[in-house]
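Colleague: If you want the building blocks of each chain, they are given just below.
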Amino acid sequence: MGRDAFQETDIIGVTQPITKHNFLVRNIEDLADTVHEAFKLAQGGRPGPVLIDVPKDILQNKTLYRPLASVNSLEYFRATRQPELSSSAIEQAADIINKAQRPIIMSGHGVILSEAYNELRAFAEKTNIPVITTLLGISAFPVTHPLSLGMPGMHGPAHVNQAIGETDVLFAVGLRFDDRVTGKVSEFAPKARIIHIDIDASEIHKVKVATVPIIADAKAALAALTTAVKPGDHRAWISEIRSWETENAERTRRVKRDEQYPDPTSILEAIRAETGGEAIIVTDVGQHQMWTARHYTWTRPNSHITSGGLGTMGFALPAAMGVKMGMPDVPVWAVAGDGGIQMNIQELATLRQQGVSVKVAIMNNGYLGMVRQWQQFFHARNYSETPITGPDYVKLADAYGLTGMRITRREDVPAAIHKAMITEGTVIIDFVIESESNVYPMVAPGSGITSMIEESVEEDSNHD
Amino acid sequence: MTKHVAPPKRAGQENAPQDGGHTHILVLFVDDSHGALDRIIGLLRRRRSNMQTFAIGRSEMPNVVRITVVVNDSEVGVEQLVEQLRKIVDVRHIVNLSFEQAVARELALIKVNSTAAHQNEIIELGHLFGAHAADVDHETVTLEVTGSADKIDKLVTLLQAHGIREVARTGCVAMTRGTANT
Ligand SMILES: Cc1ncc(C[n+]2csc(CCOP(=O)(O)OP(=O)(O)O)c2C)c(N)n1
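From first to last, the protein sequence lines stand for chains G and C.
Numbering-wise (our numbering), the first sequence opens with residue 1 and increments by one.
Numbering-wise (our numbering), the second sequence opens with residue 1001 and increments by one.
Worth flagging that the hints you see were computed from the coordinates, not collected in a lab.
Cβ atoms here follow ideal geometry from the backbone N, Cα and C, with glycine treated the same way.
Be a bit skeptical, because a hint or two may be false.
As a list, the in silico DSS-like pairs of lysine-lysine whose alpha-carbon atoms are at most 27 Å apart [what the hints assert, rightly or not]:
| hint | chain 1 | residue 1 | chain 2 | residue 2 |
| --- | --- | --- | --- | --- |
| 1 | C | Lys1087 | G | Lys20 |
| 2 | G | Lys40 | G | Lys20 |
| 3 | G | Lys40 | C | Lys1087 |
Which stretches of chain C does chain G cover? Using the computed rule of at least three CB atoms under 8 Å from a CB of chain G, they are [unchecked claim]:
| hint | segment |
| --- | --- |
| 4 | 1036-1049 |
| 5 | 1081-1087 |
In silico negatives: residues of chain G with every beta carbon more than 10 Å from chain C [stated by the list, open to error]:
| hint | residue |
| --- | --- |
| 6 | Gly13 |
| 7 | Lys20 |
| 8 | Gln260 |
If we strip away everything but chain C, and leave its shape as in the complex, we get:
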């Protein structure tokens, strides 16, 4: 998840404040209905959103799924996107969260080359990031880590010295800080 990608220039918004790219977390509460996911993905593509991650799963409500989309866009661009998403019939509710307002987490599994000699070193490094070994084999260690995208990026960078075989990331899920509901 990079924060530095320039937002796509939208046709005809020359008079809009060009405030550069901002990362926004959009949380969507969506009816678990036929075609709902297609509609959301299709809209994000058609409207040329600069999508970074997309995570989907159950919510606390029956038949309502919770989708977390991280986009990098200008304020005007993201407002457009929110209003467009709001028009999708299956979308019940949508919240545009800033990273400051949110508890935002991502989970990653990282499979790293490891000989017996390096096993402990890798696991210790993981501990510094709150990661634990989800699986250990003769030639590999698989670390499981949760945190911000930056933290995961950092761990991945440090593990590169050992040779990374695979990285699987869930994409960001997020919630409003404090007592208030998202």
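Here chain G stands alone, though its shape is the one from the complex:
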């Protein structure tokens, strides 16, 4: 290597900034250890991708497999990087929580990664603190729970962002204060003292300076804190937030809607009803992703899979295939836009070839919808390159040897979902939804999250 041989690429160099670690195997004897190490590294601490570059000559070699050898440098890495729960930090945090007037729990992906669902729930119930889940934290806490508030940030419902605006103690666990969550940072939780729990020390103070940083696994920290805190009563604060929620709902109810098309809520509700809430929902990137995050009734832990901060379109179909292969007995639905579904459409062949059964709901608005929405709001409806044509998905499914349906009326949605569930193999449903509906509310990029663009009666009548 290093001489520009046929197809030689510096994969180690190319992948360095996007992997947790990478390995170049230079000796066949190192291969087994490297694979073991790679899996441990990928799964340990804050999980992340690890790449192994196995050159051609190594692949053509032979060796005897042997289990992981003795301690090496990576063992050393893991031994010294295990976070230890600081009891003084737990005490300090408990004290702040006990004295809080308007506290909020914000729960992120870390809670799901450490499977701390019961710990989160026990903590929230004992302290009586309402729970916000970030996009990747969705499904860690059942949305049907009286303490569940919803998602924060750019497309969070208004009452969630209002609550963040008013909270005096923000208890953030397993999250990194992404800019889609915070909006303008100085206006995010401006009145709050922050308790920040994360397993990755480099996330602490990165965006918001924490009053009490706790570097720990979410499960351990939540369990310790539940023991340390006093039972709380925040009914007044919760009903204040609920009153904002009702006010906002009243306001948007006045907007006249077209009832004819299938809409995200009807599609998602039909999926939930048909699967008894047991499905795993994998979304792509765009409007449908936000609608699904917001409007699906999340009750099954870890049932929401999406590409978070990287926002990679094309994620849903292959990811859903992976989920189904890992959990063959669970119904798996991919929900995608008509843009993103086409970005990895070739996986329909894999699904067919491997006999994997994924149900696909395309929310087809004929646009790269989320970008169109930005063009509408911020670029005077200059719909440049966002209107898109797609294939006939019924014919496409047929061409791959799969089942396809097109649904154009709302009343046909439940029957279509039912048919998809009882049909063997992968099924694609092309739901023709309203072409220019938007995700509301929306926080303009760079604004504080409490200044939201809401759906208004006037704007809607402008549509025609």
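Got chain G; can you put chain C with the ligand on it based on the hints?
Modeller: Below, chain C with the ligand alone, put in the same frame as chain G:
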């Protein structure tokens, strides 16, 4: 090595104490493994560290290299950087030293124009800084000097009158003062 560069503003740290730039010496003990150096340099670039010098060499341990990085950053910024560097698998250990806690030295070679008439003058000036002539030729004198970055800056400034042809500096290496190990 300037101490006066403003630290880069990091997105979203408005609520962090804006304590201005401080010079920090980061000492990293790193496995001498494939790609380790790339990972460290890449991270310093991606995280927009305000790097002043970078020096690498063997340590007292076999297969462990010692890297000394001087960065100019706010306290919060440098803490972030240390935690990010700590996540690199090849980094065994990392120490954030202040200049007060450290013996910090840099070596420089300075090639200066010199006629026979000025040779002694240049060498004498060098002596005031503990420098010695590493090489003398008809038209040039090459001084070798060790010390703090400030001291080297000062000598370079004074030698400018003669015309400097080349300056080669190693970047800072450092160690904790006293008996304690870094
Ligand atoms: C690979 C990739 N390309 C471009 C983008 C930018 N982008 C974000 S959302 C979006 C539009 C998505 O359109 P569609 O898949 O139809 O979903 P919708 O928003 O209509 O639900 C685009 C282009 C992206 N996130 N990923």
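Colleague: Next step is simple, just say for each hint if it's right about the structure.
Modeller: Hints versus structure:
1. Lys1087(C) x Lys20(G): 9 Å, holds
2. Lys40(G) x Lys20(G): 11 Å, holds
3. Lys40(G) x Lys1087(C): Given that 27 Å is the threshold and the Cα spacing comes to 15 Å, the pair holds.
4. 1036-1049: holds (count 4)
5. 1081-1087: Contact hint for the segment 1081-1087 of chain C vs chain G: holds, 4 residues under 8 Å.
6. Gly13: 7 Å, violated
7. Lys20: 8 Å, violated
8. Gln260: 44 Å, holds
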